[in-house]
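Below, each chain spelled out in residue letters.
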Amino acid sequence: MADTEGQELRRTEHGVQVHEVAATTPEREFTIAARTQTQMILRRFLAHKLAVGSLVVFLIVVVASLIGGRFWRYSYADITPEFSSPPSLKHPMGTDSIGHDSMAQILRGAQKSVQVALMVAFLATTFGALIGALAGYYRSWTDAALMRFTDLVLTIPAIALLAVLAANVSETAGNWFFIGLVLALLQWTYIARVVRGQFLSLREKEFVEAARALGASDARIMFRHLLPNATGSIIVNATITVAVAILLETALSYIGLGIRPPDTSLGLLVSEGQQAATTRPWLFWFPGIFIVIIALTVNFIGDGLRDAFDPTQTRVRA
Amino acid sequence: MLSFIIRRLLITIPLVLLASVLVFLLVANSGDPLADLKGRQPPVPPQVIEAREKLIGLDKPLPQRYWHWLTNFVQGDMGRTIRGVEVRPLLWQRMQITLRMVVLASIVAIVLAIGAGVLSAVKQYTVTDYTFTFAGFLFLSMPVFWLAALMKEYGAIRLNKLFGKQVVFTVGPESPNLAGSFGHRLADYAGHLLLPTIALALISFAAWSRYQRATMLDVLGADYIRLARAKGLSRSRVMVRHALRNALIPLVTVVAIDTGAIFGGAVITERVFAWQGMGALLVQGVETSDPNILLAWLMVTSVLVVLFNLIADVLYAVLDPRIRYG
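These protein sequence lines map, in sequence, to chains C and H. Start counting the first sequence at 788; every next residue gets the next number (my numbering). Start counting the second sequence at 6; every next residue gets the next number (my numbering).
Chain C extracted, bound-state conformation:
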C-alpha cells in the first residue's frame, strides 16, 4: 500500500496527470491491451509466412535427425541384403552398394551435421557476443586489442585452418564435438563485430548514463541494460551461423577432413554418392537436398527474425 502511494506521489510530482486519471478509472470504454516487446516481435515474425513455414520444416528436420534414427527400422550401421536398390517402400531413399539403408544413413548424417551446427551457433554466439560487448563497451585499448585479435582470426581462410586443426589431433579427428569446437573457434568473429558495433552506439544512450548515475556497475550496465538491446541482432546472427556452420562442416567432411567413417555426415554421404551420381542418383540427391533444406530454412528463419526484430533494418549478411 505504501508503495503505491509513493508512486502516486511521484506521478503528481512530475505532473503526469493523465496517468493518474487512467489509474483511478481502470474501466474505460476503449481499452487497448498493451503489448510487450516480445509479443510485438512474435506477431511480426508470425506474419512472415515464409519464415514460419521454414521454422516448421526446420524443426521437423531437426527433431527427425536428432531422434528419428532411433525409431527408423534400420540403424545407419545395419547392412541389409538389398544393395544398390532404388527408393522403394521398404527403403524410402534406397540403399548403397554395401546394403546400408540410405534413409538411416541420412538421418545419422543429418544428426551429426545438426549437432555440429547448433553447437557452433551456441558457442560462437556466446563467445562472440562477450568479446564484442567488452570491445564496444570499454573502447580504447581493450577494443583495439580485441578487434586486432578478431582480425587475426579472420586472416586465415576458415577451410584451411579447419583442415589443419581437424587433422591435428588424430584420436579426436572425425569426432563431431571436436569439429564443432574448431568451427566455433572461427565463427565467433562476425558476431563479435556486430555486437561491438551495437554496443558502441548503445553505450552513448541516455539510459546508460542514467544507470551509471544510479551507481550500476559496468557488468550490470553491460548485461542488464545493453545486452538486451542487442538481442535482436545476436539472435539473427546466431541463426545465420547455423546455416554457415552446416555448409562448412559438410564441405569439410566432403573433402575428407571432417567427420570420418565409420561415422557419417551429410557431406560424407554426398561424396560417397557422387561416384554413383549417374547410375544410382538417389545416393547423390537425397543427402544434398537435405543440406539445402536445412540451410535454406535456417536462412529464411533468419530473414524473418531480422524483419521481426527491426522492420526498418535492411542490412543483409555480407
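Treat the hints with caution; some may be incorrect.
Not the full set, but computed from the structure, chain H residues with beta-carbon under 8 Å of chain C [unchecked claim]: (1) Leu20; (2) Ala24; (3) Leu27; (4) Leu30; (5) Ser35; (6) Phe142; (7) Ser146; (8) Met147; (9) Glu158; (10) Gly269; (11) Leu299; (12) Trp302; (13) Leu303.
Listed next, the stretches of chain C that the computed footprint assigns to chain H, with coverage defined by at least 3 CB atoms under 8 Å from CB atoms of chain H [said to hold, decoys possible]: (14) 859-873; (15) 1040-1052.
The hints are simulated quantities; they were obtained by calculation from the structure and are not laboratory data. None of the values given here were measured: they were computed from a predicted structure. Ideal Cβ positions, reconstructed from N, Cα and C, are used throughout, including at glycine.
Following the hints, put chain H in place on chain C, whose structure we already have.
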C-alpha cells in the same frame, strides 16, 4: 591519403607477424612429418631418420625453428617438402591454376550480383525481385561441392550432347599434352574452366546480390535521388548516374572481405573437378603433415587476405570522400 595507407600498412605488419607465429605453432603441433618414413616396412635405419630430423630441423627448439623459418620465408625461401621438392615453385604453379578459377569466378559473380541486386531493388516486390531473391537464398544455402558435382555429373553431359562433341570438360584444368594453335588451346582452357567457374560464381554471387539489393534500396530512398528526379532528370539517368554509382561503393568492401571465403570455395570446387591446384596441395599437406607445404600455404593465403582487405579500405576511402581516414 598516403599517410592513411602507410598507417594501415603499419597495423598490418604486426598482424601478419602474429598470424605467422600462430600458424607456425599450429603446424608444428600437427602430426609427425616423418610418420610415413618411420612406419615403412622394412624399417628405415634409425640413422636415416635422425639425419632427416636434423635436415628438417626437428632437433632444434621451437623458437629457433620459427626464427629459421621466418628469416628464410621473408627472403622468399619456403623450404622443401618432406619428399625434397622445393615448395615455392610448387606453390606458385598450384596458385596459378587456382587463381584462374578464382579470378574469373569473382568477376562473373560481381557482374551477376550487381545486375541481380540492382534489378531487384529497382523492381522491388515484383516477380523479378522475388525470382532473384529466391535464387539468392537458394545459392546461399547450397553447398558449393554439391552444386559443382551437380554440374559435373549432369550439366556436362547435357551440354556436350547439345553441341554434338565434347566442348565441356570435367576433369582437370586443361587436357593432358595440350598442343596446337592458340585458338585451340584457348577453347580447351575455356571448356575446362566453364563448369567450375559457374559453380563458384553462383555460390559467391548469392550473398553479394542480397547486399547489392539492400544498398541500392538505401540509395534509392535517399533525398538526393528525389532531388535529381525533381529537377527533371530522366529516370534512367538518375538510376545510372546518381543511384548506381553510389550503390556500388559498399560492395567493394564486401567482395574484398570475402576473398578468403572464395578461396575456400575454390579449394572445394577444385576437388570436385580433380584440379591439381591449391586445394589438392592443402589436402596433401594435411595428409602427410608436411610442415613447409602447410606453412607456405597458410601464410601466402593469409597475406593475400590481409592485402585484399587493405586494398578494400583504400578503395573505399578513395570512392567515398566522406570516409574519415581513421
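Now the hints, each set against the structure:
1. With a cut of 8 Å, the hint placing leucine 20 of chain H at the interface with chain C holds, because the nearest CB-to-CB distance is about 6 Å.
2. Satisfaction of the interface hint for alanine 24 of chain H is found here, the shortest Cβ-Cβ separation to chain C being roughly 5 Å, below the 8 Å cut-off.
3. Interface restraint check for leucine 27 of chain H: the shortest CB-CB distance to chain C comes to about 7 Å, inside 8 Å, so the restraint holds.
4. Of the supplied interface hints, the one on leucine 30 of chain H is violated, with its beta-carbon coming no nearer than about 11 Å to a beta-carbon of chain C, more than 8 Å.
5. At about 4 Å, the closest approach between the beta carbon of serine 35 of chain H and any beta carbon in chain C falls short of 8 Å, and the interface hint on this residue holds.
6. The interface hint given for phenylalanine 142 of chain H holds, since its Cβ lies 6 Å from the closest Cβ of chain C, which is under the 8 Å cut-off.
7. Taking 8 Å as the C-beta contact cut-off toward chain C, the hint placing serine 146 of chain H at the interface holds, the least distance being around 4 Å.
8. Among the interface hints, the one on methionine 147 of chain H holds; its C-beta lies about 5 Å from the nearest C-beta in chain C, closer than the 8 Å criterion.
9. Interface restraint check: glutamate 158 of chain H against chain C, minimum CB-CB distance 4 Å, threshold 8 Å, status holds.
10. Against a cut-off of 8 Å between C-beta atoms, the interface hint on glycine 269 of chain H holds, since the closest Cβ of chain C lies about 4 Å away.
11. Hint on leucine 299 of chain H holds. Least Cβ distance to chain C is approximately 6 Å, under the 8 Å limit.
12. Given the 8 Å rule on beta carbons, the hint for tryptophan 302 of chain H holds: about 7 Å separates it from the nearest Cβ of chain C.
13. Interface restraint check: leucine 303 of chain H against chain C, minimum CB-CB distance 6 Å, threshold 8 Å, status holds.
14. By the rule of at least three residues with a Cβ nearer than 8 Å to a Cβ of chain H, the coverage given for the segment 859-873 of chain C is violated, with 0 such residues.
15. Only when three residues or more bring their CB closer than 8 Å to a CB of chain H does the claim for the segment 1040-1052 of chain C stand; here the count is 4, and the claim holds.
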